[in-house]
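Novice: All chains should be built: construct the whole structure from the sequences, respecting the hints.
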Amino acid sequence: MRIVMMGTGGYAVPTFEALLESSHDVAALVTKALPSGKRPPPNPMRTVAEARGVPILDPVDVNDPAAHPSLVALQPELFVVCDYGRILSPQVLALAPHGGINLHASLLPKYRGAAPINWALYHGETVTGNTVLHMTPRVDGGPCVAQNRVDIGPEENAVELEQRLARLGAPLVLQVVEAIAAGHLEPIEQDRASVTRAPRLKKSDGDIDWTRTAEQIFNQIRALKPWPGTFTHWHREGAEPLRLSVPAAQVVSGEAISGTAGAAPGQILEVGERLLVATGDGVLALVELQPAGKRVLSTAEFLNGYRVQAGDRFGPA
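For what it's worth, the working numbering labels the leading residue of the sequence shown as 3, then goes sequentially.
Mimicking EDC-like on lysine to aspartate or glutamate, the simulated pairs with C-alpha atoms at most 16 Å apart in a straight line are: (1) 227 x 209; (2) 227 x 162; (3) 227 x 157; (4) 227 x 158; (5) 227 x 290; (6) 227 x 207; (7) 227 x 164.
Here are the in silico distance ranges between beta carbons for each label pair: (8) 209 x 184: 45 to 53 Å; (9) 129 x 252: 18 to 26 Å; (10) 128 x 52: 34 to 42 Å; (11) 65 x 264: 57 to 65 Å; (12) 245 x 43: 22 to 30 Å; (13) 204 x 54: 33 to 41 Å.
Quick caveat, the hints were computed from the structure, so don't treat them as lab data.
The C-beta atom is built at its ideal place from N, Cα and C for all residues, glycine as well.
Specialist: Now the structure itself:
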């Protein structure tokens, strides 16, 4: 089958490479246009295409009719879309006889949207997966054609989970492409009553609310790696609040912590071998901290360089 791949981010790379190694004809890669006048962001799909000699199209807007002749010239039978960042119009989907399929990093209809991996971790899900769906103009709303379920590790972060889902998604896409070629596809409409959302992340999503439970804050930290990351402000006597990123932490369980009773959320309980903080329910041990404009420090390094006292607190600026 003659395929045009559409993608930009790292989640799409294993699928792209699997298609290139298959018997199918990958006619081109459609990816995001390079921004003018500024340093381009990383585009791992462009890197793979250049290394493999795959033609690259990078229209500013793939849905602009001016971009359509270039797509028509490729004579695609199917669009395979993954981590591209644009919704395809009905006019674009009609340019390929089999339309388009999309690899999405959730078990649809859960977590429709731009950040399914992050929000699954944020909400403490223990299972997620990949879905291949037929594309329609509705965001992640087309009928599902294949899924695989994946257990989430108890300490797995968004970077690690994305890499694992990407690897497991590639054979799923190949399976669907083969089924389309053989005419054996059986799409299943999504249950609209079960839809949940995974909106694009914002910087403010990383602001730690210490009234939440220790488990919830831990999930927030692992969900928002590497961007936007999680952060708080350290309040101490006689100094302005210091903004700190919190790249890593652990939930403290199964032990009695002195000073926990009556401690306010965000209050520092223990300073020594560990930096323990009270939350709305439970205690969190901070493993890494990053002062604004500085490098990431282990807790020991941070405590060696900054005078932290029990009773100081973390919270909003």
